[in-house]
Amino acid sequence: MIEVDNLFYRYPSGVEALRGVSLEIRRGEFLAIMGKNGAGKTTLVKHFNGLLKPTSGSVKVDGVDTRELSVAELSRKVGMVFQNPDHQLFCETVEEEISFALKNFGFDEETIEKRVEWALHLLDLERYRKSSPLVLSGGERKRVALASVLAWDPEVLILDEPTIGQDQRQKEILRQFILQLNAQGKTVVMVTHDVEFVAECNPRVVLMSDGRIIADGAAKTVLTDFKTLREASIIPPQITQLFSSIAKYGFPQDVIDLWEAKSILHDVLLGGKVR
Amino acid sequence: MSFLEGFRFRGSDSLMHRLDPRVKFVYVCVIFVIAVVYTDFLVQVLLFILQFPAVYLGKVYRQWMKSMRGAVFLAVFILVSILLSQYFYYGYNLLLSDFEYALAMSMRFIVLVASFSIFFLTTSPDYLGLALEQSGVPYQFCFAFVTAVRFVPVLADEAQRIIDAQRSRGMELEKGSFLKRVRNYIPILIPLIVNAVKRSLELAESMESRAWGSSKKRSSYYTLKLRRGDYALAAISIAALSISLYVKYLVMQGLIRIPMVLPLILRT
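Protein sequence lines, in the order shown, are assigned to chains A and L.
Be aware that the first sequence starts at 1, since it is given in the numbering used here, and climbs by one per residue.
Be aware that the second sequence starts at 276, since it is given in the numbering used here, and climbs by one per residue.
Okay, chain A solo, but in the shape it has when bound:
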């Protein structure tokens, strides 16, 4: 779906944000890109919908080089939800906000109405349809932003820091929601710092540091590799830390998930021995 080949990107200010990134994202995959501030995560995903064009190397979406397509053409396929919803909300009502992109993409009236309805329902925003997006709470505004992108049903969904400023309950709803979208065949890429959230989602994890990819694999593998995580300034999930500290008793070291941990501990406490 998205092929990145030896991508370099230098900002006009001279900062080299990406230095030789190669990555392949297959259709229907669920991917989390992690790394410390300034590692190049957001710079990388901005190449996926053509907001940034490679300084050298190439990015292909569906086999077409992004240099040959406009941002609007690419966005039709690759929907991007930004970190801060306040950077995009400008309409008088939530309804209009969601239909903005649909109008840009040239959908007809009838389809727009249907899609808006669908998106409002999907994100539980129906009661706010006539309210101004500016009076909603932070979490609700984030949902409006998400709805406004999902409305045109892009094949790939990119989420930049989706969990920032969300409480535990909203995070759980978001997690279920992402997993559901992914199960329906949508490719999901999220950029995040939230290790615990990633551990619960269990996607493929790409670790970035200083404009390079330093690890790429299943969450279970990447999030339990203490050495590489340290390089990316990420603290392993608490469960993993716990299991690491009791390694000498023969506990497995590749546990990131609360449920798995629970069942292992359950067995030990009842059976009296480590499997």
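No lab work stands behind these hints: they were computed from the structure.
Only true hints are included.
FRET-style restraints, in silico, Cβ to Cβ:
hint, chain 1, residue 1, chain 2, residue 2, range
1, A, S132, L, V355, 44 to 50 Å
2, A, E155, L, F416, 53 to 59 Å
3, A, S132, L, R458, 18 to 24 Å
Values in this document were obtained by computation on a predicted structure and should not be read as measured data.
Where is the CB? At the ideal position from N, CA and C, for every residue including glycine.
Fit chain L to the supplied structure of chain A, relying on the hints for placement.
Using the frame of chain A, we list chain L on its own:
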């Protein structure tokens, strides 16, 4: 946006940076006055050349070139529009002196941008505020001024983010008729203004929670003091101003003439 980079202060140190902002401002104003008083191409070119030592001493060549590149673009626009208006005004006829005049006006613009660019590149907004404060301007106004200057890059940064977000939703800025293009900016301006207002309220709250305005007379940690270099620049500025005004007086009396540049070039 790179044009604005030519006005954005970055912490650095040089002879120009250490000069007193008040004196530097006087110097820039003198350049401004001379540039406005004269309409001769030769004088404007000389004024432009006068900026080179300041750029060299301030070590701001690269950023300065950015503002210059932007200025040249606008200067060409000025040149063409003056020539066109002269052409139509004088009955479809242009003299060499019209070209000279148009060149002088464009050069004047470049000189103004050049000198102010150097000023802003080598003067930190903090010192600018301090200079205002010690010149007796009420603190509220100084603070407002410094804040405004300081938030320009923040606003530029935010505008770029908003443009990115809206383009990701299929917005195309460069599409449609002129009116449509103007309307295209609404999705950018509204979030930008809303966020700016929000930020200013937050700023006010955070300032007040740090006892802003609790005492009438504020003391400052840094005080500005004129040094030898400052006196030298002040002397140069005053000398330059008096000489140029005197020469202008002589010109107006018809005692001397400033030669035109174009005929000289064409003759050789």
